[in-house]
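Student: Okay, here's what each chain looks like letter by letter:
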Amino acid sequence: MVSATSELLPLADGCLILSHRLSEWMSNAPTMEEDIALGNIALDLLGQARGLLQVIGDETGVTEDELAYFREPQEFRNPLICELPNGDFAFTMARQLFVDIWLAHVWSELAATASDEQVRGVAEKAIKENAYHRRHSSSWVVRLGDGTDESRRRMETATEALWPYRGEIADDRWYDAVDAALTEATLTMPPRDAWTQRSSLDGWHTEHLGYLLAEMQSLARAHPGATW
Amino acid sequence: MTRTTEARGWALLEAVPDPEIPVLSVVDLGIVRAVEESDDGRSVQVTLTPTYSGCPATEVIMRDVRTALQASYDTVDVRTQLSPAWTTDWLSDKGRERLHGFGIAPPSGRTTLPLIDAGGPASCPRCGSSKVEELAGFGSTPCKALWRCTTCREPFDYMKVH
Ligand SMILES: [Zn+2]
Numbered sequence: 001m002v003s004a005t006s007e008l009l010p011l012a013d014g015c016l017i018l019s020h021r022l023s024e025w026m027s028n029a030p031t032m033e034e035d036i037a038l039g040n041i042a043l044d045l046l047g048q049a050r051g052l053l054q055v056i057g058d059e060t061g062v063t064e065d066e067l068a069y070f071r072e073p074q075e076f077r078n079p080l081i082c083e084l085p086n087g088d089f090a091f092t093m094a095r096q097l098f099v100d101i102w103l104a105h106v107w108s109e110l111a112a113t114a115s116d117e118q119v120r121g122v123a124e125k126a127i128k129e130n131a132y133h134r135r136h137s138s139s140w141v142v143r144l145g146d147g148t149d150e151s152r153r154r155m156e157t158a159t160e161a162l163w164p165y166r167g168e169i170a171d172d173r174w175y176d177a178v179d180a181a182l183t184e185a186t187l188t189m190p191p192r193d194a195w196t197q198r199s200s201l202d203g204w205h206t207e208h209l210g211y212l213l214a215e216m217q218s219l220a221r222a223h224p225g226a227t228w
Numbered sequence: 001m002t003r004t005t006e007a008r009g010w011a012l013l014e015a016v017p018d019p020e021i022p023v024l025s026v027v028d029l030g031i032v033r034a035v036e037e038s039d040d041g042r043s044v045q046v047t048l049t050p051t052y053s054g055c056p057a058t059e060v061i062m063r064d065v066r067t068a069l070q071a072s073y074d075t076v077d078v079r080t081q082l083s084p085a086w087t088t089d090w091l092s093d094k095g096r097e098r099l100h101g102f103g104i105a106p107p108s109g110r111t112t113l114p115l116i117d118a119g120g121p122a123s124c125p126r127c128g129s130s131k132v133e134e135l136a137g138f139g140s141t142p143c144k145a146l147w148r149c150t151t152c153r154e155p156f157d158y159m160k161v162h
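Chains U and L, in that order, give the protein sequences.
Quick note, the first sequence lines up with residues 1 to 228 if you use our numbering.
Quick note, the second sequence lines up with residues 1 to 162 if you use our numbering.
There are no misleading hints in this set.
Example chain U residues on the side facing chain L (calculated, C-beta under 10 Å, incomplete):
| id | residue |
| --- | --- |
| 1 | A49 |
| 2 | A111 |
| 3 | E129 |
The hints are simulated quantities; they were obtained by calculation from the structure and are not laboratory data.
Keep in mind the model is a prediction, meaning the values are calculated, not measured.
Glycine included, each C-beta is placed from N, C-alpha and C at the ideal position.
Modelling step: build the complete structure from the supplied sequences, incorporating the hints.
Tutor: Right under this line is the structure:
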C-alpha cells in the first residue's frame with residue numbers, strides 16, 4: 001500500500017491553506033451574504049483538512065496541530081493555486097471554481113477506493129459539501145463572466161493569472177469541466193498545453209506561503225502546547 | 001457481551017438537544033448510530049456520526065452526550081463513525097415537524113449523489129405559502145440556507161438537503 005502520507009498530504013494541505021485564504025475575506029467580502037458563504041466554505045475545508053491531518057498524524061506519530069502549525073513552508077504540499085493571495089473577488093471565485101472541480105474528482109475517487117475508513121468517511125462527507133461550494137463558485141464565475149464589461153474584464157484577468165498555477169490539479173477531466181464552466185460564462189479557456197508551475201510536489205512554493213504561515217502559525221508558536 | 005438496543009440510553013439521548021437547533025435532540029438529528037450497554041448495565045458505548053466536517057457543534061454534542069449518560073452509567077464511551085456519512089435523510093419525522101414549528105423549513109428532498117439537488121423549502125414555515133425564493137445559499141450555520149417568503153415577506157432558514 002502506498003503511504004497515506006504521500007498521497008493525502010497535497011489534499012489535506014490544499015484544504016487547510018485555501019481555508020485560511022478564504023478566512024481572510026471575513027468582514028471584507030462585497031456583501032454580508034458573501035461573508036457568510038466564504039466563512040462556511042472555509043469552515044468546511046478546515047474540517048476536511050483536519051480529518052485528513054488526523055489520519056496522517058496517526059500514521060507518522062504526530063498530532064494534527066503539529067502538522068498544521070509546526071511545519072515549515074517547504075514541508076507543505078498544497079497545490080500552489082491554494083496559497084495565492086486573494087486578489088479581487090473575481091480572482092477568489094475563479095480560483096475557488098478551479099479548486100472545487102479538482103476536489104470533486106479527488107473526493108469521489110477516495111470515497112470509492114480509500115482503504116482507510118476515516119479517509120473514506122471524510123471523503124463521503126466532503127462530496128456533498130463540495131457540491132454546494134461548486135454551485136456557489138460556478139454561479140459567480142458565470143455571473144461575472146457573462147456580466148458587465150468590468151466584471152467580465154476582471155474574470156478574464158483572473159483566469160489568465162491563475163492559469164500558470166493549475167499544474168498540480170489539472171488533468172483531462174479537470175480541463176473538460178473547467179472548459180464547460182467557462183463556456184457557460186461566455187469565456188474562453190486558455191490553452192491546455194500552456195506552460196504551468198507544478199513545483200509544490202517537491203516542496204517549492206511561491207513567496208506567499210511563508211507570509212500566510214507566519215500569520216496562521218503565530219499563535220500556536222507563541223504558545224506551544226496551548227489548547228482551547 | 002453487549003446488547004444493541006438500549007431503551008434507557010436512547011431515552012437519555014432523546015433529552016440531549018442539538019446546541020445550534022435546540023428543538024432537535026441528537027436522536028432526531030439522526031447522528032446516533034448505536035447505543036450498546038454492558039450486561040451489568042453499568043457501562044455504555046455510544047457511536048455518533050458528525051453532521052458536517054467543520055461543524056463547531058460536534059465537540060459540544062460529544063461532551064453533552066457524555067454528560068447526559070454519566071448520570072446513569074458508571075462508564076461512558078463516546079465514539080465517532082464517519083462512514084457512512086451523515087445525511088439529512090436520517091432526520092426523524094418528529095424532527096422535521098419540530099424544525100418547521102421552530103421556523104426552519106426542513107429539507108425538501110432526499111440526498112442524491114454525486115450531484116446534489118439543493119432543493120427548496122416546500123412552504124414558508126411562518127404562513128404556509130409555497131411562494132418562496134432563495135436569498136443566499138449559505139446561512140448562519142453549515143446546515144442552512146437563507147430563503148424568503150414572497151407572500152408574508154419574512155426571511156427564514158431552510159435546512160439544506162445534505
Ligand atoms: Zn410566509
